[in-house]
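Following the hints, position chains W and R against chain Z.
Taken in sequence, the protein lines are chains Z, W and R. So for the first sequence, the numbering used here puts the first residue at 1; every next one is plus one. So for the second sequence, the numbering used here puts the first residue at 1001; every next one is plus one. So for the third sequence, the numbering used here puts the first residue at 2001; every next one is plus one.
Every clue listed holds true.
Lysine-lysine pairs mimicking BS3-like chemistry, simulated, CA-CA at most 25 Å apart:
#, chain 1, residue 1, chain 2, residue 2
1, Z, Lys119, W, Lys1009
2, W, Lys1004, Z, Lys89
3, R, Lys2082, Z, Lys61
4, W, Lys1009, Z, Lys79
5, R, Lys2082, W, Lys1004
6, W, Lys1009, R, Lys2082
7, Z, Lys34, Z, Lys241
8, Z, Lys197, Z, Lys34
9, Z, Lys89, Z, Lys120
10, Z, Lys119, W, Lys1004
11, Z, Lys79, R, Lys2082
12, Z, Lys89, Z, Lys188
13, Z, Lys188, Z, Lys34
14, W, Lys1009, Z, Lys89
15, Z, Lys120, Z, Lys141
16, W, Lys1004, Z, Lys120
17, Z, Lys141, Z, Lys121
Sample of chain Z residues at the chain R side, in silico, Cβ under 7 Å:
#, residue
18, Leu56
19, Arg59
20, Lys61
21, Thr84
22, Arg87
23, Ser94
24, Leu100
25, Pro101
26, Gly111
Which chain R residues stay away from chain W? Per the calculated CB distances, all over 12 Å, these:
#, residue
27, Ile2032
28, Gly2039
29, Lys2044
30, Gly2045
31, Tyr2057
32, Ile2060
33, Val2064
34, Leu2153
35, Asp2155
36, Arg2173
37, Thr2209
For the record, the hints were derived by calculation from the structure and aren't laboratory data. Owing to the predicted nature of the structure, the values given are computational and were not obtained by experimental measurement. For every residue, glycine included, the Cβ atom is placed at its ideal position computed from N, Cα and C.
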Amino acid sequence: MTFESPHIRVKDLNVHIGGNHILKNINIDIPDKKLTSFIGPSGCGKTTLLKTFNRLLDRNKDVQIDGQVLVDGENIYGKDIEVTSMRQKMGLLSQRPFPLPMSIYDNIAYGPRLHGTTKKKELDVLVEHYLTATGLWDEVKDRLNGSAARLSIGQQQRLCLARGLAVEPEIILGDEPTSALDPISTQKIEELFLQLKDKYTLVLVTHILRQARRLSDYIAFLYMGEIIEFGPTEDILLRPKEKLTQEYVKGYIS
Amino acid sequence: MSYKIRLLKDRLSANIFLELSLFSILTVVLIGYGLYYKSSPILQQDTLWHLLSSTEWKPFKNEFGFFSYIIGSLAVTGIAIIIALPLSLLCAIYIAEYAPHRIRQILVPLIDLLSGIPPVVYGVWGVLTIVPYIGDHIAPHFVDYSSGYCALAGGIVLAVMVFPLIVSILLEVFDTVPKELKEASLSLGATEWETTRKVVLKKSVPGIIAATVLGISRAIGETLAVLMVCGNLPMIPHSLFDSVYPLPALIANNYGDMMSIPMYESALMLSALILFVIIFIFNAISRLILYRIENRS
Amino acid sequence: MILATLIIAGSLLMILYTIASKGMQSLTWDIISKVPEGGYYIGKGGGILNAIIGSLYISIGATVLGLVISIPVVLYVNIYAKRNSWLANITRLTFDVLFGIPSIVYGAFGFTIMVYFGLRASLLAGIITVTLLVIPILARAIDEVIRLAPTELSDATYALGATRWETSLIFLRQAIPGIITAILLSFGRAIGDAATVLFTAGYTDSIPTSLGQPTATLPLAIFFQLSSPIEEVQNRAYAAALILTFIVLIISLSAKYFSKKLSKHKI
Chain Z
1 MTFESPHIRV KDLNVHIGGN HILKNINIDI PDKKLTSFIG PSGCGKTTLL
51 KTFNRLLDRN KDVQIDGQVL VDGENIYGKD IEVTSMRQKM GLLSQRPFPL
101 PMSIYDNIAY GPRLHGTTKK KELDVLVEHY LTATGLWDEV KDRLNGSAAR
151 LSIGQQQRLC LARGLAVEPE IILGDEPTSA LDPISTQKIE ELFLQLKDKY
201 TLVLVTHILR QARRLSDYIA FLYMGEIIEF GPTEDILLRP KEKLTQEYVK
251 GYIS
Chain W
1001 MSYKIRLLKD RLSANIFLEL SLFSILTVVL IGYGLYYKSS PILQQDTLWH
1051 LLSSTEWKPF KNEFGFFSYI IGSLAVTGIA IIIALPLSLL CAIYIAEYAP
1101 HRIRQILVPL IDLLSGIPPV VYGVWGVLTI VPYIGDHIAP HFVDYSSGYC
1151 ALAGGIVLAV MVFPLIVSIL LEVFDTVPKE LKEASLSLGA TEWETTRKVV
1201 LKKSVPGIIA ATVLGISRAI GETLAVLMVC GNLPMIPHSL FDSVYPLPAL
1251 IANNYGDMMS IPMYESALML SALILFVIIF IFNAISRLIL YRIENRS
Chain R
2001 MILATLIIAG SLLMILYTIA SKGMQSLTWD IISKVPEGGY YIGKGGGILN
2051 AIIGSLYISI GATVLGLVIS IPVVLYVNIY AKRNSWLANI TRLTFDVLFG
2101 IPSIVYGAFG FTIMVYFGLR ASLLAGIITV TLLVIPILAR AIDEVIRLAP
2151 TELSDATYAL GATRWETSLI FLRQAIPGII TAILLSFGRA IGDAATVLFT
2201 AGYTDSIPTS LGQPTATLPL AIFFQLSSPI EEVQNRAYAA ALILTFIVLI
2251 ISLSAKYFSK KLSKHKI
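Looking at chain Z on its own, in the form it has when it is part of the complex:
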């Protein structure tokens, strides 16, 4: 299934890691300002696919990436691409939250400072804005200079989201961002994702089918490094065309 002007377009992507063919002939369009989920059994390549989007994958040795990933029509594996500014367009939320080793305030201010905002007043505004946007402001406003490592893990994950939003990305990549969280924190993150859909393009890797159903507009099902089926959420979960998808959705394979 294709879109007219997708935010990300993957063309004939093949990834080999240490001689293993991890992703096979991937072609997929990620629509603008929608939430697209990658589902599939563990080891199917969904996280690898996500990491090709901001080129975090090619920091490892023995990784060979062929094909194209076009973001806003520009191939991020092209020769003249500036990886640093390209990555800035994409926020990343990893499986476990990793606050930077500094205070809550500095965590949020880190990105803006890098990109040229240095005035204390402007930073104050930004910090309050993004902490409010992730529902953290009331919880942490009295200890902005406290260590980020002292927050609960759910708060840390929301802090990481706020930190990512503060560099004004266009795309947010979530790599099973709730897998380390308790149910209540998970719910908060999910609510945030639903709110963010208006402004950002979201790509979510998840192995929880119910989560994919609650959040996504589109779902891609991956199996053994291939995209088996891609379509609107209802179609994939309720009326899958492929036999493998049916079996996965019913829980026969996992």
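Then chains W and R, alone, in the frame of chain Z:
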């Protein structure tokens, strides 16, 4: 800060850092080459085999035979390892497999402290306790006379010095044996000791070899502590209670005095080169073994 | 087994006891606070302040110089180079091997470069040689903490648009306790090592006032005084050994303390 300056900083640091990394790799080559360059005069005068196998050491007659020094080094190192290996092995097994958590927490830092003590302090300790004890109490049972400054004293002091090195590497090696393997053995009805012997030790053979080799190379290169207690007479020892003169002591004792005789300096540099080559090879081999163990776990 | 452990642990206590009991007998305030006076080496007055200060100069100089070289290398290997790249592995192996090279070899090599550049035995030559000795110690200790920092930390900074240089700064901040431990380890090793400074730093009774002057060091002060036939002088060697042991123990213990204490923000 503008984007360009940030990228510039990134590239600049990458270049400088890379050059420093390459430079530090090059240090090894530089040390080897520098020592070789300095010792080449004597290698042109005599064959390496002759230098290594001759016992004639007469700098004023231009005769340099390293044999007794090499034997001296081998003697103290051999004694040290014979003492240190079994004790360290038993100690490491105890700490890794048997010791209660609290005792382990006291012992490990204590052994670390031992490794921090400077060689010269070991030397002073050797002079104060080991040397007189050997001279007065041990040697009289075996030989007519010994001053106590002898191969055995050097070996004991060295053994104490390599304990912490061997024990700490062994502890790391034992740590890589999977817990499941031990549990599997225990659940098959093996006793603790059988498990240790047949599972832990068997799995750790390469690591034990690596630790031993590292211990040997530490001992063979140790200078001051040994020099202070081993007597420094260039002869082939006939018993544990004879004086020996190891290679590092030869360098340390004579450097500076030898400038008047050109070949002398070259000879001393050759002994440094010999030490360097032996220790380089030993270290590289045992590190590669240890990397393999690390990757396995 | 327990016996073996007792022998090993006991040898440490025995060393400390011997040094302490012998050293205390002749340790006076004069030894710590004065430089050698005329006739010091035949038993007259004075102390070894020259050696204490000289050793501190050399250890501080070498550790600082060593950090300037080892930190960039560790950062390159862990952050700039690809993970487990050929260069990274070779660099690690190099430092592991250099770590095992005995100080007498560094001393001999240091002496050759000293002669090559026309330097005299001096504070500077001593610092350079001891730097060679401590670089592998520093690099290995810092590498260990930075390598163990989670990769997600770099993923996070890169995703925020940070460059490798900016990411390095975050990793350094994360590794501060480890770096302090490394500094202490290196300092302890530098201050206690004799074979490196034997030919390169010289020996003098005065405190050096410039890098070009020779300097006394504690280990050599012990070594030289112990080889004196005069008992009075030998006793001072024991006092000096006690001072050195005390310094090194304080350093080791604080290294232990810092490696346990995590930094405020560490994850």
